[in-house]
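Here the structure of chain H is known, so what remains is to put chain B in place on it, guided by the hints.
There are 2 protein chains.
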Amino acid sequence: MEFSSKLIEKAVNEISQLPGIGKRSALRLVLHLLKQPKEQTDFLSQALVAMRTDIKYCKNCHNISDHDVCEICANPKRNHELVCVVEDIRDVMAIEGTGQFRGVYHVLGGKISPIEGVGPSQLKISSLVEKVKSGLVAEVIFALSSTMEGDTTNFYIYKQIADSNIIMSTIARGIAVGDELEYADEVTLGRSILHRIPFEKSIKSN
Amino acid sequence: MEFSSKLIEKAVNEISQLPGIGKRSALRLVLHLLKQPKEQTDFLSQALVAMRTDIKYCKNCHNISDHDVCEICANPKRNHELVCVVEDIRDVMAIEGTGQFRGVYHVLGGKISPIEGVGPSQLKISSLVEKVKSGLVAEVIFALSSTMEGDTTNFYIYKQIADSNIIMSTIARGIAVGDELEYADEVTLGRSILHRIPFEKSIKSN
Chain H
57 MEFSSKLIEK
67 AVNEISQLPG
77 IGKRSALRLV
87 LHLLKQPKEQ
97 TDFLSQALVA
107 MRTDIKYCKN
117 CHNISDHDVC
127 EICANPKRNH
137 ELVCVVEDIR
147 DVMAIEGTGQ
157 FRGVYHVLGG
167 KISPIEGVGP
177 SQLKISSLVE
187 KVKSGLVAEV
197 IFALSSTMEG
207 DTTNFYIYKQ
217 IADSNIIMST
227 IARGIAVGDE
237 LEYADEVTLG
247 RSILHRIPFE
257 KSIKSN
Chain B
57 MEFSSKLIEK
67 AVNEISQLPG
77 IGKRSALRLV
87 LHLLKQPKEQ
97 TDFLSQALVA
107 MRTDIKYCKN
117 CHNISDHDVC
127 EICANPKRNH
137 ELVCVVEDIR
147 DVMAIEGTGQ
157 FRGVYHVLGG
167 KISPIEGVGP
177 SQLKISSLVE
187 KVKSGLVAEV
197 IFALSSTMEG
207 DTTNFYIYKQ
217 IADSNIIMST
227 IARGIAVGDE
237 LEYADEVTLG
247 RSILHRIPFE
257 KSIKSN
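Protein chains in written order, with this note's numbering: chain H, 57 to 262; chain B, 57 to 262.
Just chain H, same shape as in the assembly (with noise of 0.2 angstroms):
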């Protein structure tokens, strides 16, 4: 791509080593904010800097937080020996969203992957350990993502922590509240035979 003008390849250069975004959708997002006001351009990488810059990480759970402690830790109607692992604050986001969840979070901040060079050490895990080990956890639920990584990531904690008298246990797996069965993968349909619940319990979840 050769471009009229070096401020714009410079941009688009940029903008397209962020994830998911080429050349031309790049180009196409610099023209854009040409057409916008220079305020929109101006609020957009203040924005950006801001977040950067200003960033903290909760001390406790490690989640993106404008405080020392999030608000979920700084809470104290929430169960504190309740806590569920996950990988982000987008898993953060999505289970707080459901209301269901009344515990804290351990936010990993990644999976182990050593396609991608993550190992245990790149990731908030011994911080968990000491948490289990200093006895103020009752229960860990793993919520990270059923897949390879996932999987590896569970297993790395657990070996860590399974001489602790603590109850360890994984969200449910199984169909989707909706879904047809005939369309489900086997392994999860297998696993929701394997692991079914009492009915009187399922009544009383709706």
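Treat the hints as calculated values from the structure; they're not laboratory data. Do not take every clue at face value.
Pairs count within a copy or across copies, as identical chains cannot be separated in the list.
As the list claims (entries may be wrong) - With a straight-line Cα cutoff of 30 angstroms, these simulated DSS-like cross-link-like pairs (lysine-lysine) come out:
| hint | residue 1 | residue 2 |
| --- | --- | --- |
| 1 | 94 | 79 |
| 2 | 215 | 260 |
| 3 | 66 | 91 |
| 4 | 180 | 257 |
| 5 | 260 | 66 |
| 6 | 94 | 66 |
| 7 | 66 | 215 |
| 8 | 62 | 91 |
| 9 | 62 | 133 |
| 10 | 257 | 91 |
| 11 | 66 | 187 |
Same frame as chain H, now just chain B:
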């Protein structure tokens, strides 16, 4: 979507104002930037602000440029009597990429589109008409996309310069090189038959 951080929320809101990027994608981009060195965010926002602040438009053809006159208009080897009318810089880049055009461009900055609130006065039409009437142009090639808006814009310009004694042409519509006839739409196939060209001419252009 509820965010645990106002900084994240603001960044996501600004990014998701860009076309084709929703809140979820915006959050993905923000989390990506957080994992990268701080410099990447700085470079990105600096490139955006510099682009938006310092960008110039060629005073001759209105193409985006770093100088008052773009490289194409400043090139004495180009045929300045042959003017190709296009929508925006992307079309200039596409035509330049073919290496087949040695004239100059006139960049309208869009198409007449009542639905999007774009009228002739928002486009660089009057300067094109002036250019034609000053007698400096021998041929105008209309190279807008063949949509309702493109055809409207072509016709609007055509009416304004119809009484001047210049050649007016449009780029050829037809079956793309490498495409199979049976999958072509009827309008395109019909036009390619109506506007057929001498076989010997087609051999030479290969």
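How the hints compare with the structure:
1. Taking the shortest alpha-carbon separations for residue 94 and residue 79, both the intra-copy value of 22 angstroms and the inter-copy value of 22 angstroms come in at or below 30 angstroms.
2. Taking the shortest alpha-carbon separations for residue 215 and residue 260, neither the intra-copy value of 34 angstroms nor the inter-copy value of 73 angstroms comes in at or below 30 angstroms.
3. In this assembly of identical chains, the alpha carbons of residue 66 and residue 91 lie at most 30 angstroms apart whether taken from the same copy (18 angstroms) or from different copies (22 angstroms).
4. For a Cα distance limit of 30 angstroms, the shortest separation of residue 180 from residue 257 qualifies neither inside one copy, at 35 angstroms, nor across copies, at 69 angstroms.
5. For the identical chains of this complex, residue 260 and residue 66 are neighbours neither inside a copy (58 angstroms) nor across copies (39 angstroms), given an alpha-carbon limit of 30 angstroms.
6. In this assembly of identical chains, residue 94 and residue 66 lie within 30 angstroms of each other by CA distance both inside one copy and across copies; the values are 18 angstroms within and 18 angstroms between.
7. Proximity of residue 66 and residue 215 under a CA criterion of 30 angstroms is satisfied in neither setting, with 48 angstroms inside one chain copy and 40 angstroms between copies.
8. In this assembly of identical chains, the alpha carbons of residue 62 and residue 91 lie at most 30 angstroms apart whether taken from the same copy (18 angstroms) or from different copies (28 angstroms).
9. In this homomeric assembly, residue 62 and residue 133 come within 30 angstroms of each other (Cα to Cα) only across copies, at 22 angstroms, whereas the closest approach inside a single copy is 55 angstroms.
10. For the identical chains of this complex, residue 257 and residue 91 are neighbours neither inside a copy (57 angstroms) nor across copies (42 angstroms), given an alpha-carbon limit of 30 angstroms.
11. With identical chains, the CA atoms of residue 66 and residue 187 are never at most 30 angstroms apart, being 46 angstroms at best within one copy and 32 angstroms at best between copies.
Violated hints, listed in ascending order, are 2, 4, 5, 7, 10, 11; each of the other numbered hints is respected by the structure.
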